[in-house]
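Chains as they are written, first to last, in the numbering used here: chain X, 1 to 342; chain V, 1 to 561; chain R, 1 to 357.
Rather than coming from a laboratory, the hints here were simulated on the basis of the structure. One should not assume that every hint holds.
Unchecked claim - No farther apart than 25 Å at their CA atoms in a straight line, the calculated lysine to any residue pairs in the SDA-like style are these: (1) Lys329/X <-> Ser134/X; (2) Lys62/X <-> Phe37/V; (3) Lys155/X <-> Lys95/X; (4) Lys55/X <-> Val304/V; (5) Lys181/X <-> Pro321/V; (6) Lys236/X <-> Val304/V; (7) Lys187/R <-> Pro200/R; (8) Lys62/X <-> Gly32/V; (9) Lys187/R <-> Glu254/R; (10) Lys243/X <-> Ser134/X; (11) Lys236/X <-> Arg308/V; (12) Lys95/X <-> Asp5/V; (13) Lys187/R <-> Gly68/R; (14) Lys155/X <-> Leu107/V; (15) Lys190/X <-> Leu138/V; (16) Lys62/X <-> Leu410/V; (17) Lys82/R <-> Thr454/V; (18) Lys190/X <-> Thr454/V; (19) Lys236/X <-> Gly112/V; (20) Lys20/R <-> Gly68/R; (21) Lys329/X <-> Leu410/V.
Stated by the list, open to error - Just a few of them, taken from the derived set where beta-carbon distance is under 10 Å, the chain X residues facing chain V: (22) Gln28; (23) Asn31; (24) Ala70; (25) Gly96; (26) Gly161; (27) Asp203; (28) Trp238; (29) Ser282; (30) Pro283; (31) Lys287; (32) Ala309; (33) Val313; (34) Leu314; (35) Arg328.
Note that the Cβ used here is the ideal one computed from N, Cα and C, for glycine as well.
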Amino acid sequence: MACKFVSRLSAACAFAGAAIFGAAAAAQEVNVYTTREPGLFAPIAQAFTARTGVKVNTIFVKDGLAERVAAEGAGSPADLLITVDIGALTELVDKGLTQPLATPAVEKVVPANLRAADGAWSALSLRARLVWASRSLPTDGMTYEDLADPKWKGKLCMRSGQHVYNTALLAAMIAHVGEAKAEEWARGLKANLARRPGGGDRDVARDILGGLCDVGLGNSYYVGLMRSGKGGADQKAWGDGVKVLLARFADGGVHVNASGVALARNAPHVSDARRLVEFLLSPEGQKIYAEQNFEYPVDPAATVDPTIAALGVLKPDRIQLLDIARHRKAASQIFDRVGFDR
Amino acid sequence: MARFDGFSAIGLAGAAVAVAPVLALAVIAMQGDGASFGHVLNYVAGDAARETIALLAGVAACVLVVGVVAAWIVTAYEFPGRRAAEVALLLPLALPAYVLAYAWLDLTHPIGPLQTALRGALGYANPADLRLPDLRSLPGAVFVFGLSLYPYVYIGARAAFQSRISAQVEAARLLGARESGVFFRVALPLARPAMAAGAALALMETLNDIGAAEFLSVTTLTTTVYATWINRSDLPGAAQIALAMLWIVLTLVFVERWARGARGYAPEGARRHNPARAVGGPAGIGLLALALAPPALGFATPAVHLARQAAQRVAANGFPPEIAQAALNTMVVALAATVICVVGALVAVAGRRYEPTSLLRNGLLKLSTLGYAVPGTVLAIGLLSVLGGFDSVLRAAFAALGAKPPGLLLSASVFAVVVALTIRFFRLAVAKIETGFERLPLSLDHSARVLGRTPFAMLREIHLPLLTPSIAGAALLVFVDCMKELPATLLLRPLNFETLSTQLYGEAARGAYENGAVAACLIVLVGLFPVAFLTMVGSARAIEATRPRTTAELDGAREAA
Amino acid sequence: MHAPAPVLAFENVRHAYRDKIALRGVSLDVRAGEIVALLGPSGCGKSTLLRVAAGLERQSAGRISIAGRTVADARAFVTPEKRGVGLVFQDYALFPHLDVAANVAFGLARPAGETARATTTQMLRRVGLAARAHDYPHMLSGGEQQRVALARALAPQPAVLLLDEPFSNLDQGLRRDMRNQTMALLKESGAAAVLVTHDPDDAMAVADRIALMRDGLIVQMGAPADIYDRPVDPFVLRFFSEVETLPATVAHGEATTPIGRFPARGCADGAAQACVRKTAFSIARDGALPASVRAVRFLGERQAARIEIAGLKSVLEIALPARETIRPGTTLSLAVDPAGVFVFPAAASLHEERARP
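Just chain X, with the same shape it has in the complex (with noise of 0.2 Å):
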């Protein structure tokens, strides 16, 4: 009886498993990896399958990626692996888990520091991480280093210290004044912090409306998205609500990070997903990062959408994005030694 019950369950699994199991195979279709939010990738991966009829197939992983590759092997259906960080991208390239971009549109169009010298990956788009401040406060010419000073004291909000946007500024840190110095600024953060590390970047602009702190860190597009209505009425008026500068190192310029692409090492539609990272480089492709996404394109010739540059003109710092996923680990740690997110 149980043996009969059980061989009627395995004939109804493999039936169901034929609708269940294996990736579909399309003519021509590319299949990006990405951990970019669904909904800022999906107006470009529109535009690409309108102007090529190449179907783009998505999947959104915010953690694990890199294993999720790997796991999967030589069989791995991935094309593009598309990171919203430089240091998630450079990780990709050291397992082994890419291959050479290797079209001319790369070199063409990125600046140099902004691209793996061997084509191993290339940044896509740029945003800026930005002191939000009460719109009340004198806060010209603020640089990163003045967020430690004393007089901020209770009055900063940031994010947890282990987000990749603050260790990746913190990375920086390390780049420009050494891992002593940087801690030290850490502590500094932490000392001034008015309410324990959490939440988002678009929390910052809330507590600092809803006056629980004066000062705090955000990235550019976010400004953007905000300010735009994209998010709705109430974060227009948090984004309204805050003054946002374009903060800088001491010793250099704002702190940018990349989204950035690399072509995966199994990748089965090698063409066509090269087809799709010119067509990210294109003046079309660059205009959607900055219309849709509000981040800074790489490519210098493209223009920023309005509302970001009215924040200023970007200087990026001078530190390298492959420096900064260098320190990543420490900066990291150092995190962890002053306590941050206690």
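We have chain X; now place chains V and R onto it with these hints.
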């Protein structure tokens, strides 16, 4: 005298599936050098462990108080609206903790509607002039998790109150005990096993959470695992910490077993009539208000907030087209995992009952419930390597035969998602079905055996019909949790495959909360299906308490020692 | 006269649970149509013996055979569903989701054909419940449930019927009726029946033979009257009647006690104990035993008198017919029935004390 038959075979298969990802994790952990562990131990573990323990203690107290008091009110008293309250108390199950956290943060923020209204009433102009405690704190997290998870305790406690203690409660009242005395001296001790089981489930959920903790600025060991893995690219280190955490959970499980006491702890009481005391007038309204408070805070308030936001979004941009597909995907995946969980749990628990002394079956049952103890993403990583390994072996086999290697069969498939959900929530089904079995006297089994039934026939003819309410309850819990699950689904799903929770997360991750609100509302709606279904099928009691009364109960007989 | 072959046979059966030895070597034969009662205090192993016979538990050692076929020994084990035994539980274990007829038909061949239906109807008629065929168990009284359980166990016509404390959930009046009905049904069925009970009245009323158990062993086995009249030790005696224990000295096959001299066959000379049934005393004008009454309690048919006797420090309690008028403070003249006095070696008391529940 353990026999190896179908029960053992299925149990073995289930345990193998459940243990494989944990073993894979152990292998990954062994590749590390221990440096991360040292760092975490030196700088993070102390505080994170303290915070984790404080959070767990707070949540335990909260779910126990809310769950037990609510269960007591709706079973010990009869008041207008009691039946509605009985069902309403289940509603927070339909809302993921991270959604609850998000909604409450929105509502209680200094510039949110509550404080704005309060300032208006008190005449303050500036938010900075009226500082109220921030939800983003440990007490805030306890509040949110407590509201979200108390139903685990409520369900078990209510069933215990309904089916076990009526006679004792009556006796206590006749002996002149005051109501508080009846509650503390009779009801509480008798509901102890159910309370322990429910609280353990709630604490494991808390420990597994990452989303709500992030919203609420709480640093737990789970968030530490993430920092190690994501920011330091040190998966082995993360795996080491995750495995260390497993001990905490195993301790929880042990404590639960201990608190439950011996099997058959609470005698079956006669239940010829309901001892609920009728309460009318203002006191009845007071009871109703008390019973409705948890679902009002844990469900209605946030749900209304979400619905309003969703309505704004739909008015502005129309109904998101992809959401119907996501809802369908969610139901398919959750349903598949639920069926496997319930059938598997039935076989595993029955297998052990039929051979209670079998170390093999006891062991298999324990192993197969391990998945509840592992954070979703960590489990998913372990599962990824197992399924990936399987796929590469398969490809190698095809290549060796000279055939064209296929793409991925198991990795990155709906199958992988279903397996992960099954492993994660198997324990829920087991816990529910175990308590159901515990209520059936063993003499029923023995009679069926002696009257010519094999164990399998007995399962089908006797236990299945008698366990229907427990099975329904198990299915409800598993389904709702599968639907809400995020991290494992997010990491394991195939291309272009969205569920409601991944959809919601995708929107929330870029701050388009209104868009997320539509998905969140649908999660609630889909989650209400099973609750509504059970309510229709057999009144609210169907979830646990409706069951044919055994003869033993009727005579008030005690199981012979 | 030839003895028919046993239908159910236990040969030197031993069993241990994880931390406790339950059976220390029990041998017992039960013949067709015979009712054997396993009697003893709780924990004596009687229920274990029943479970082992049914196959619900596999014994650690020894052999069990049913109708000449070995069903369990060191090598073979026949699962319960293949043993063809009937089992009636203390809680009756009726299936609550099945009606009375379905319960009774449960053990009959499936799919239920005409024969099965006829058997069910006939069984229900025999237990007097034909009218309740479509009621559910919870709608029946305790006695009715017990009868359904019996009908269910007997319907497949098992060669062996096992009953585990079948009367213990019934009140006194009902209990007497059920004993008689059960005995009639068992005799009618011709099955070899084993009845487990801790109540000597149940055992004596129903059983052809009683096996009295203690500590995993059968202490004494025999017809009810045999065991009652010739207990092998104080434990057995006390199981059936209330006794008082007195010091005794044995010399030349006669015991001297504070209440007189009694034959003490088989006892070595020296110190011994005399156990006397409380009912062995009677009031007699020419009685040899003067006793002063301390207190009297009315017990219905009898009264309990606490008395003092010369040469005995402790107070004795005896049972006297209720019609006698006895007042505290008076002196009675008593006679003692020698059939109610049993002399045992003094050492036995040690064992006895340990074995009492």
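Taken at face value, is the distance from the CA of Val304/V to the CA of Lys55/X at most 25 Å?
-> Roughly 39 Å separates the two Cα atoms, so the pair is violated.
Interface restraint verdict for Asp203/X against chain V (beta-carbon cut-off 10 Å) = holds, 8 Å
Go through the hint on Ala70/X and say holds or violated, using the shortest Cβ distance to chain V against 10 Å.
-> holds, 8 Å
Using Cβ atoms only, decide whether Gly96/X comes closer than 10 Å to chain V, and label the hint accordingly.
-> Gly96/X check fails; min Cβ-Cβ to chain V is 14 Å, beyond 10 Å.
Pair hint outcome, Lys329/X versus Ser134/X [Cα-Cα no greater than 25 Å] | Outside the cut-off at roughly 32 Å; violated.
Can the hint on Asn31/X be confirmed by a CB-to-CB distance to chain V that is less than 10 Å?
-> Status holds, d = 6 Å.
Do the alpha carbons of Lys62/X and Leu410/V lie within 25 Å of each other, as the hint requires?
-> holds, 21 Å
Take a quick look at whether Lys155/X and Leu107/V sit within 25 Å of each other, Cα to Cα.
-> holds, 23 Å
Is the hinted pair Lys82/R and Thr454/V satisfied, with a Cα-Cα distance of at most 25 Å?
-> holds, 9 Å
Decide if the proposed pair is consistent with the structure: Lys95/X and Asp5/V, CA atoms, cutoff 25 Å inclusive.
-> Not OK: Lys95/X and Asp5/V at ~46 Å, beyond 25 Å, violated.
CA of Lys236/X to CA of Val304/V, is that 25 Å or under?
-> holds, 22 Å
Pair hint outcome, Lys181/X versus Pro321/V [Cα-Cα no greater than 25 Å] | At roughly 51 Å apart (the allowed maximum being 25 Å), Pro321/V and Lys181/X break the hint.
Violated hints, in rising order: 1, 3, 4, 5, 9, 12, 18, 20, 21, 22, 25, 29, 30, 31, 32, 33 and 34; the structure is consistent with all others.
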